[in-house]
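Q: Residues per chain, in single letters:
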Amino acid sequence: MSRMELYSPEGLRIDGRRWNELRRFESRINTHPNSCDGSSYVEQGNTKVICMVQGPMEPSSRSQADSAGATIEVNLSVASFSTFERKKRSKSEKRMVEMKATLERTFQQSVMCHLYPRTLISIDIHVLAQDGGLLASMANAVTLALIDAGVAMYDYVSCISVGLHDQTPLLDLNGLEEQDISTLTIGVIGKTEKLALLMLEDKMPLDHLESTLGIAIAATHRIRDLMDDEVRKHGNLRSSKLAKN
Amino acid sequence: MSRSVDVSTNERAYFIEGLKAGIRLNGRRFDEIRYPHNIHLSKEEYGYVELEWGKNKISVRVSSYIRKPFEDRPFEGIFNINCEINSMASAKFENGKNSDEEVLISRIIEKSIRRSNSLDLESLCIIAGEKVWNITVDLNFLNYDGNFIDIGCFGVMLALQHFKKPDISIINGGEDIIVHDINEREPQPLSILHVPVCLTYCFYNITNQQEVNIKGESTSDDIYLLDCDYKEDLLKSGSIIITLNKNREIIQLSKNGGIPIDASLLVDLALGSIKVVDELTDLMKKLIKDHEQQRFDELNLKLLQVGADR
Amino acid sequence: MEVAEVISITKPSSSRPFEDVDDDNDSDVEMNNTTNQSIVTPGELITDDPIWMKGHGTYFINDKTYSSVAGTVSRVNRLLSVIPIRGRYQPETGDHIVGRITEVGNKRWKVDIGAKQDAVLMLGSVNLPGGILRRKSETDELQMRNFLKEGDLLNAEVQTIFNNGIASLHTRSLKYGKLRNGIFLKVPSSLIIKSKNHAFDLTGNISCVLGVNGYIWLYKTNVNNPTSNNNNNNSNNSNNPSITRLEEESSWEIYSDKNDTTITNSIRSNITRYYNIIKALSYCELGITEQRISMGYEASLAYVNLGSLNDKDAMETICQDIINNEKMRGIN
Chain A
1 MSRMELYSPE
11 GLRIDGRRWN
21 ELRRFESRIN
31 THPNSCDGSS
41 YVEQGNTKVI
51 CMVQGPMEPS
61 SRSQADSAGA
71 TIEVNLSVAS
81 FSTFERKKRS
91 KSEKRMVEMK
101 ATLERTFQQS
111 VMCHLYPRTL
121 ISIDIHVLAQ
131 DGGLLASMAN
141 AVTLALIDAG
151 VAMYDYVSCI
161 SVGLHDQTPL
171 LDLNGLEEQD
181 ISTLTIGVIG
191 KTEKLALLML
201 EDKMPLDHLE
211 STLGIAIAAT
221 HRIRDLMDDE
231 VRKHGNLRSS
241 KLAKN
Chain B
246 MSRSVDVSTN
256 ERAYFIEGLK
266 AGIRLNGRRF
276 DEIRYPHNIH
286 LSKEEYGYVE
296 LEWGKNKISV
306 RVSSYIRKPF
316 EDRPFEGIFN
326 INCEINSMAS
336 AKFENGKNSD
346 EEVLISRIIE
356 KSIRRSNSLD
366 LESLCIIAGE
376 KVWNITVDLN
386 FLNYDGNFID
396 IGCFGVMLAL
406 QHFKKPDISI
416 INGGEDIIVH
426 DINEREPQPL
436 SILHVPVCLT
446 YCFYNITNQQ
456 EVNIKGESTS
466 DDIYLLDCDY
476 KEDLLKSGSI
486 IITLNKNREI
496 IQLSKNGGIP
506 IDASLLVDLA
516 LGSIKVVDEL
526 TDLMKKLIKD
536 HEQQRFDELN
546 LKLLQVGADR
Chain C
556 MEVAEVISIT
566 KPSSSRPFED
576 VDDDNDSDVE
586 MNNTTNQSIV
596 TPGELITDDP
606 IWMKGHGTYF
616 INDKTYSSVA
626 GTVSRVNRLL
636 SVIPIRGRYQ
646 PETGDHIVGR
656 ITEVGNKRWK
666 VDIGAKQDAV
676 LMLGSVNLPG
686 GILRRKSETD
696 ELQMRNFLKE
706 GDLLNAEVQT
716 IFNNGIASLH
726 TRSLKYGKLR
736 NGIFLKVPSS
746 LIIKSKNHAF
756 DLTGNISCVL
766 GVNGYIWLYK
776 TNVNNPTSNN
786 NNNNSNNSNN
796 PSITRLEEES
806 SWEIYSDKND
816 TTITNSIRSN
826 ITRYYNIIKA
836 LSYCELGITE
846 QRISMGYEAS
856 LAYVNLGSLN
866 DKDAMETICQ
876 DIINNEKMRG
886 IN
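First to last, the protein sequences are chains A, B and C. Residue numbering for the first sequence follows this note's numbering, starting at 1 and increasing by one per position. Residue numbering for the second sequence follows this note's numbering, starting at 246 and increasing by one per position. Residue numbering for the third sequence follows this note's numbering, starting at 556 and increasing by one per position.
Calculated directly from the structure, the hints in this document are not laboratory data. A quick note: this is a predicted structure, and the numbers were derived from the prediction, not measured. Heads up, a few of these hints could be off.
Pairwise CB distance ranges (calculated) [stated by the list, open to error]:
id, chain 1, residue 1, chain 2, residue 2, range
1, A, Ser90, C, Glu705, 30 to 40 Å
2, A, Lys91, B, Arg360, 19 to 29 Å
3, B, Ile451, A, Lys91, 31 to 41 Å
4, B, Lys530, A, Lys94, 39 to 49 Å
5, B, Ile422, A, Ser60, 17 to 27 Å
6, C, Tyr858, A, Asp15, 45 to 55 Å
7, A, Gly11, B, Glu289, 54 to 64 Å
8, C, Lys813, A, Ala79, 43 to 53 Å
9, B, Lys342, C, Asp815, 48 to 58 Å
10, A, Ser90, B, Asn327, 14 to 24 Å
11, A, Ser63, C, Asn719, 18 to 28 Å
12, A, Thr83, C, Met883, 47 to 57 Å
Even glycine gets a Cβ: it sits at the ideal position worked out from N, Cα and C.
One chain only, chain A, in its complex shape:
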C-alpha cells in the first residue's frame, strides 16, 4: 500500500474530517413494515446496511428451541457489488463466520432472551455497500431493527470503529484508512462504559489503548443519541397516527 497522508499536519484526514469527527450517520427504522417484524437501514458514510428481524417466532427446527431463552440467529449476506471490485463472497468465509458469531453472541446478551423461551429471533443483514466500519454498522442496524421489532432489550448497543494513526486516534475509519491502520471496533451498552463487543484486528500500542477507548466510547454515545432520535421520531409519528383511530 502506498503511503498516503492519512492525517495532515493541519489536522485533516483524507476525506477532510477532523480526527474526532464521525461520518454522516443516517438511519431509518421500519423500512420494510410488511415483510418482517422489524427492519432498519443504516448508512455510516458510504457503508450501507439493511437489517431485518423476524420473530420472536416458533423455531423451524427443534434444536433451536431453548427453554431458557430465545435463540438468536444471524444471517449475513454481503452483496457482491458492495466493494469497489466486484467479488463474490461465500458465507463460509472465516471472516464472515466470525462476524456472524460475534453479532449473535453480542445480542444474545443484550436482548432479554429469557422473556422469550422456545423462540427464535432471526436477523438478516444485507450489506449493500462497504467502506470501512462494517461490523459497527451491522451492529447498529441490528440494534435498530430489534427495537423496531418490539423485542425487549436492556439498552441500545451502539458501535463505532476507531483507528490509531501515530499517536492520534481517528474516529470512524473509512475504507481507505482501514486498509492502512489498525482498527478497533467497540460496541457499548447504552450510555455506560460497558463494552458488549470488542474487536481489534491489528497492532496497537498498549499505552494508547485508554485514550483510544475514551474517544470511541464518546462516539458510541453520540451514535446512540442519533439512533435514539430516529426511534423517537418514528415512534412519535406512529403513536400520533394510532391515537387518531
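Using the hints provided, position chains B and C relative to the given structure of chain A.
A: Quick look at chains B and C alone, frame taken from chain A:
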C-alpha cells in the same frame, strides 16, 4: 449442539460460591496460568513440537516447500496456519463439521500470528515473482481442557522458532537455485519479527443479575479468571481474548459476546497481562536456547564451527 | 476514563422531528398531544419511585425502573408497563383470530397465529362431525388429519393463555372452523382494532374474518350461514346457531376441503377489491375496521381496474377519502 456434559445447577452454585470466597476449584489464583509442561521439541526434525498445558495437549508441525508467489505479492512468501480440531480432543467438537467455536479458535490464532506479521514474509522470498517459501503450520489439538486459543498460539510460536528451513544458494545469475540438504549446510531459522502471546480471560457474573451487570455502576462484582480449564469454560458468562507481545503492543483484541465488561477493566487487564506475556516469551526463548545448546553438544557441532581448533 | 468531544454532522432536519409527516395522512398532528404521550426507548429511566409495580416492557435495578422497548408508557393503577409500538401479536383470551395449522400432534394441532409461539388447538376443543356432545374417541385421534391438516386455515377463539405464554384455541361455535372460498391476507396485528365483532358481511356478497392477530380471511358469503348474526339489516336473521342446528351442521361438510363451485367472476373480483383496500389501509398504517373497509369499498369504486388499486397514489387517495369521510360524519 455439542455433546458435551452440562454442569448441574448445584455444581454451578458451588463454583460461584467458591469464586466469591476467592477460590478457584483448581487451586490457582485468579490471574495464574497453567504453565506448559512435557514440552517436546523434536530433535530429528525442525519444527515439530508437542506440549501439554494442564490437560490440554497439542502437536504442531511446521513444514515448508518452494512455490511461485501470488501474483499480487511477488516479494512475499506464503504462510498458512491449519487448525485441526476434531472429536479426538473432546466430544464437544464434531468431526468434519466446523462449528462457530472452532472457526473462532482458528481465526483468532490466525489473526494473532499471521495477520500481525509475526513472521517476516519478505524474508521468505527467494527470487521475486518466481520462487518463495511456503510455510505451513499444522496445529493439531490432541486433548481439550479449556483455553485452546492461548495454548495453540503458544505452540505455534514455539514451533515457528524451532523450525529451520534448508539453506539455499542462487546460481546462474538468479535463474536457478540449489536447495542444500540440512546435513550439508546448517539450515536457516525463520525470521520472527515479534512473538504474540494470547491470553484469555473468562468473566463470571456472580450477582446472577443481568440487569445490574448492564446498568449498574460498579463492576467490582465481576470476577475474571485467566486461563480457564474445561469446567470453568463451561460456566463462564463471557470472555475476552487479548493478544500482546513484549513490545507492549496489542496485537488483537476480541470479545465474542458474553456479559459486557467495563472499559477501564479492559485497560487494567491489558496492562496486567504484560507480566504473563513476558514470562511466556522468556520461557519460549529459554526453551529454544536450551534445545539449541543440547543439539549443539550432542552433534558435536563445535567441530564444524569456523575457527574451531583443529 | 476521560470522555472526549465528538464532532458529528447530521442533516439539519433531524432537529425538527415532525417535519416530514406523510402527507397522505392529514397534517394536523397535534404537537401538544404528542409531547405528553411521547414515547420511551430502551434503556430509558422511567421512574425511580419504588411504588410502581413493574409490568411488561420494563426491567428494574433496585428501585429504578427502565424501559426495555420503544413504546408508550401505560400506568394502570400501580402497574407500570411499556406498550411497544410494534411487535408480534400478543394473544388474549377471547380474541377472534385466524390461524394456520403447522403441525398435527398428539391430540392437538399446532396453529400459527402470528404470535411468538404457535398456539395449540386441542382435539377436545373442536366440533367434530356428529355434534357437540360427542366424546372424542381414539378413532378421532387417528383421523385428526382428516379434519384439519398442515396448511389449513381456520378461525378460532383464544380460550386461555397457558402460563408459558402459549395460547390455547377453541372452535366450539359455528362461527369458527375451517376457512374456504376465499383468500388470505396478512397485515400487522397492531392495525387491527379490537371490536365486538370480527366477522362480518360486506356489500358485494363478500364476508370477512378480521382476525385480531392481523390475519384476515376474505371469502364468498355463505348463503345458508351468514357470518354476522347481529346484523339487523341482514334479511335472514333467523339463522342464529342453536344447539340443534349445530348438530345438523356439524357434519363432515365443515371440514371439507372443496371450494364451492358457484363462485362467480364478479365475486372473485370483489374479493380482490377488498383485498386491495385492506392492503391500502395497511400501507397507510390506518387502523382497520369494518366501517373503514366499507368506506374504502365505496371510494375504490372509482377505480374500475382492480390492478390499479395497487398503485401508491391510488392507495393514498383511498385512505384520504376514508379520512375525509370520517371527518364529515364527525367520527374523529
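Q: Indicate, hint by hint, whether the structure satisfies it.
A: Going through the hints against the structure:
1. A:Ser90 / C:Glu705: 30 to 40 Å: holds, 34 Å
2. A:Lys91 / B:Arg360: 19 to 29 Å: holds, 21 Å
3. B:Ile451 / A:Lys91: 31 to 41 Å: holds, 38 Å
4. B:Lys530 / A:Lys94: 39 to 49 Å: violated, 31 Å
5. B:Ile422 / A:Ser60: 17 to 27 Å: violated, 58 Å
6. C:Tyr858 / A:Asp15: 45 to 55 Å: holds, 50 Å
7. A:Gly11 / B:Glu289: 54 to 64 Å: holds, 59 Å
8. C:Lys813 / A:Ala79: 43 to 53 Å: holds, 46 Å
9. B:Lys342 / C:Asp815: 48 to 58 Å: The hinted range 48 to 58 Å holds for lysine 342 (chain B) and aspartate 815 (chain C), with Cβ atoms some 52 Å apart.
10. A:Ser90 / B:Asn327: 14 to 24 Å: holds, 19 Å
11. A:Ser63 / C:Asn719: 18 to 28 Å: holds, 19 Å
12. A:Thr83 / C:Met883: 47 to 57 Å: For methionine 883 (chain C) against threonine 83 (chain A), whose Cβ atoms are near 56 Å apart, the range 47 to 57 Å holds.
Hint check: violations occur at hints 4 and 5; the rest are consistent with the structure.
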